[in-house]
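Line by line, the protein sequences are chains A and B. Straight run, no breaks: the first sequence in our numbering ends on number 300. Straight run, no breaks: the second sequence in our numbering ends on number 1958.
Think of the hints as simulated: they come from the structure by calculation, not from any bench. One should not assume that every hint holds.
Calculated cross-link-like contacts (lysine-lysine; reagent style DSS-like; alpha-carbon spacing at most 25 Å) [unchecked claim]:
no. : chain 1 : residue 1 : chain 2 : residue 2
1   : A       : Lys-116   : B       : Lys-1828
2   : B       : Lys-1828  : A       : Lys-134
3   : B       : Lys-1688  : A       : Lys-134
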Amino acid sequence: MLDLFMLQGSSFAGSIDSLVWLVTFIVGTWFVLVEGIFFWLLFRYRKQDGVKAEYFDDGREHAIKHVWIEWPHRAILALDVIIIYGAISVWMEVKMYVPVTDETIRITAQQWAWTFQHAGKDNKIGTADDIILIDEMHVEVGKKYLFELASKDVLHSFSVPVWRLKQDAIPGRVITGWFEPTLAGEYDVQCAEICGIGHGIMPAKLYVEYPEKHAAWLENPAPMLASSNPQ
Amino acid sequence: MAESPSHAHDGHAHAGHGAHDGHGGHHEESWFVHYFWSTDHKMIAKQYLVTGMLMGVIGAYFAYVFRMQLAFPGKPVPGYGLVTGADYNALVTNHGAIMIFWVAMPVLIAAFGNYLIPLMIGCDDMVFPRINRLSYQIFAISAVLVVASFFVQGGAFGGAWTAYPPLSAKAEYSLTPAGSSLWLIAVALEFVAFLLGGINFVTTAMNSRAPGMKAFDIPIAVWMIVIASILFMASVGPLIAGALMLLFDQMIGTGFFDPDRGGDPILWQHLFWFFGHPEVYVVLLPAMGFVAEIITTFSRKKMFAYKTVLATTFATGLLSFFVWAHHQFIAGIDPRMANVFSVTTVLISVPIAEMCFVYIATLYGGSITFSVPMLWALAFIAEFLLGGVTGIYLGSSGADIYFHDTYFVVAHFHYTFFPIAIIGSFAGMTYWYPKMFGTFMNEAWNKLHFWVTIIGFNGIFLPLFITGASGDHRRIFDYTNFPELDTPELQSLRVLATVSLLVMLVIQPVFLINFFYSMFRGKKAGANPWKANTLEWQAASPPPHGNFPTLPEVYRGPYEFSVPGRDEDYWPQNSPN
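Next up, chain B with everything else stripped away, as it sits in the complex (with noise of 0.2 Å):
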């Protein structure tokens, strides 16, 4: 990659910034611990984001296999053969899995939490490097075990990314043996890898903050992700737990879920989505703050009402560990408490609307510039709100009895996915791409792509929801066998989803392509290209290893746009005056 091995470590005598072991002193590193074994967080960064990259592509594969199985039943797929019911499952499980787990959270949260919180908050590295390189080396293993599960006797696990038991705990209904406990493997140190990069991002958040840089000076994309790593840390033990007693079940015979020697399948739920519903703002929050650091650059906006951005980010996350039971309204659970869900889930509304207003407003009386990070940006808004109020009809209750397990939860979700995984991560990596690598990406291509992935993901998805109150249910491999689904209208709509998806699949090379080959040919860019405020612009691009020639103060809020009487309309945080 296009980062230079310059070692400008000026910055690393400042005191104050921890104890930071794991960087060499100023000896010519060789290209293996370059690029395999840095503990520079911009290096680790960089890892997850191109294995997260990497995976999506995997992720992709699936969805365009499965997508073409369903469009056209029982043909061959080109590039893939044949589909069963047992490759549709994997197929189907292990696109959500790797969407959600190898996808979202690593280029989300680890890849931009690490490049970010060290440049944006002014100081050096992480605090602890050596655990974040750990981090990455467990989460590249997990991914490596995730792959590996397909080529194992039995083929990979099928039974959905939220592996409910007994499909999951017994091997004789799963048919995949091996399969399903590497899935399970996998996905445990997938987590292990998030806890440490956890206590990273929030340790130094905590810590290592440039001096002057009050609570209310961090930018809000590095409040997210702090916020975020909280809510993770806080959710995930129990589905550690919960997946420790599952891979027994597997292995050695207990029975946790058992329900002929006492177990409780309806446990693994509980303990499943304890976890499953924070996980989405956990993902959610980081995609926010990447928008809210792009809408206020490219509208010259303050930040509005930047307190309450923090407000309802707190009141979101606190609340979604009360909902989780609105995915189990209709699992078994007593009715009665369907109710108290019915309650918090539609509640959470509140906040998040309250999120999306405040967004909003920040572009009233803005000078709005529509560079593709904007674009990206906008989008997000404007397909998140669909994604948001469609979750409402699956929050009521009496409902979701005719919605849940349809496609419009399928759709409802990509909704908020999507905006969230893709098009947040298309917004971090197109305006934090100069810094990363120093150079521009072309925009003339970079707005093309913008545009068909945009128009690809509402043509599959919009179609869905119709299926879906149609009745459509998921994860069906082929329609053909219910005749009140097998019909030339529904049919049709599930070919124009794929269509759609073959629309959007085609042009992601042009991203890629434009991606790598910017490293090297793309038009130099300054230390601030987009004339921000936030301390990452004040690094060279790319940052040398130790970030900052002299570690920034700070003096003033990271949003202060387009101030009065003054000749920029920009007001760097560090600049004293």
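Chain A extracted, bound-state conformation (with noise of 0.2 Å):
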């Protein structure tokens, strides 16, 4: 569903789009359903002259309770259980386990910039050779980053929609969370969480990049801001 809209740039964008593909199926169809019933009762039980509304007893009202009532209630249990289901193996996949990584990044969000640590050359974090950018993020495609989210201020959120990726940043924690990306190109880093006057202004650049690319920039990692080109 997303993919319509976005592009899906990192290994786990497939299984968000996925779960969204089932809740749209699901609830779309109980949406469609349910306005089709709503409207068509609205068009045959408008006032009509000589006819009377009906009068449901006891009896009667408890006769229909299981079209109405009893049956619709155990479907829609039934089909969260399956969205439930959907939405936390999701969740696990990109929240809660993250797997070995070959680098780690680290991403530091302050009122109102992004500070990105490269590992550098020797692909070790805090050692003389990182590279230090400010809202400017160069990765390799088909590579599994660690990184480490920290604000210096107040919350930020670092969100890169083309991966389907979003973390708040927190003052006085860091936040570790995972990522793969697996399209090449230059992407927007948005800031989700509201972080002051500034906040609209808040934009990082992200370098998606195959291996040679990639390797050439750690030769000569200057900010490519001013020279940018996109394509």
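Since each chain comes alone in its own frame, lean on the hints to assemble the complex.
Below, the structure is given as structure tokens:
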């Protein structure tokens, strides 16, 4: 469903999109069915001359409760279980079980900028060759990354729609998570949690690169924003 | 207003209906006392109603300004000027807060609760009329404060209506030192006002019912307002405590929510949403109550499965206390917790869906008249369904990773809140208008207003589902900073939403003029113009101070329509035979 509106750029984007399809199919069917019945009833039981409304005594009401309440109740319960199963499976994949990752990247949010600390050529975070860039993040297609997300001041939220990834950043904590980009290109990072008057001007640029290009960038990691020319 | 100041107080002699010390005797009230110092539940209801409508105009103006900015970024907005990032944040923050705390709650709960409860249960006033008056006065002060926060140094608070710290806690982050505190004090006072109101509603409904009115003879509207009041009173405590803690953080430098000093910003989110989610049902339930009264009356049908409605309402109310963290899936809570809250959240669809089915089933076998109140009530059901089903996407934790804080959320909750606060209020206002003012509103103008409002509403929020699914995040005042979002397709959807809003706003004066003009020039309505059964229709229109000439006795349930063997297709609750 979401793939109609947004590229699928990470290993788990497809799972989230499938879940959205599942929910759309289930609730969409119910929605159309219920609205259909609703409008049909409005038409069928519109006031007509000489026709009086029916009166349901307790016995009659009890008899038709099966159709109107009890069976729909069971059906919704059963479908809820399917949706919950789907939701939790996807949640576990994205948020709970971090796979073995290839590289770590530190992301720090502040009013109103992102700092990305890349591991650099030695592939180790916290060493002298780390590459620290403002509002610019470089990753390689097909590599699994662990991110360590922190905030210096207020709440922010690291959101990359093309990856279907979002995580709030909280001052005083380091929150970890993971992603595996699958699609090369230049994408937006948005701040998704209101963070003050500059919230609307807190974008960052995400460069997802093929290995050769990424290696070239590691050799010469100058900020690209000034010279960047999409495509 | 058109309420006659006559004093038919015969009913006051009736024993057992509480000590109404607030009611003066048979003396003439001064103009000031009558309109501003009254303890009459009907006048207090009208005070709440008019204040709520006024605040609604302010909230709508804010929406106009920020939607113009979104559609035409950087261009001066007619009637406002250039919208800065700070302005934008203040406008969206206060649009949300005002529409929920100063429109939905005063109109749905306070105005209709005050007006309807004594009339529908057949007594002469609230049990605590002076507390009732105090409740409105505190509310009025809170409304003044929240509006005043726009005129203090630094401007109004702009940290979203959820007021997450540390942004809301420290002036160095929010840049609104006075605005933040004023806003918080206003919200806290508003809560106090509704606590006082809630005490009155629950006590009155429990103690002052007409003789013969058993639990299952109580109209659903009354049940709903009472349950909503209980939900509110049970959930608001933690938030009032939280609001005080936040105020201390702001003003005297405590560190409840400051991580550098051992505090925790996430604690606020728990306190806020522990209240915030039941709050959704606090405003939903009264609207559902109005819709129940209206659809039974205009389909001439007994409410289908009355007890099921109550059971589902209790179930929803109870469950609503266990879903709050679905607002926090990606907020940094333990990811295992999301699983629990995803389960409870998706399960709340069961009682809510059942409630909708009961309402729809009530139409089955009916004889439906499409009067204006009925159109609003039916629109409530049709539109709320979309709000309900889109909630499932957000309750599913895996999908919420993407949808959280996007316009999909905005569209979803407006498909719930707009039916509740706006459609529900219009349903109630058009249905009880003849009772409140003794006259009819103009039906043709009301129908025009209905259709333009409904079409405008859908035109605003359907496009926002799409922009949300396309990755538009909320509260961003200028999308031109984001290449993925600054596309002509998305921008045309934003323009469509804004134009629809303009269409919807343009028609609202038609209602307002109709509303006030009809008080004086409208066709006279009798006591029971809709031929309904509940007790308020047995009082005069408008009911005098004291409501009933003699307090009614109740012989049957509220929805005995079209009973076989009777000439009339309705059977008032107080009619002995």
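Quick rundown of the hints versus the structure:
1. For the given pair, A:Lys-116 sits about 18 Å from B:Lys-1828 by alpha-carbon distance, which is consistent with the 25 Å threshold.
2. About 34 Å separates the Cα atoms of B:Lys-1828 and A:Lys-134, which puts this hinted pair outside 25 Å; it is violated.
3. The straight-line distance between the Cα atoms of B:Lys-1688 and A:Lys-134 is roughly 12 Å, inside the 25 Å bound, and the hint therefore holds.
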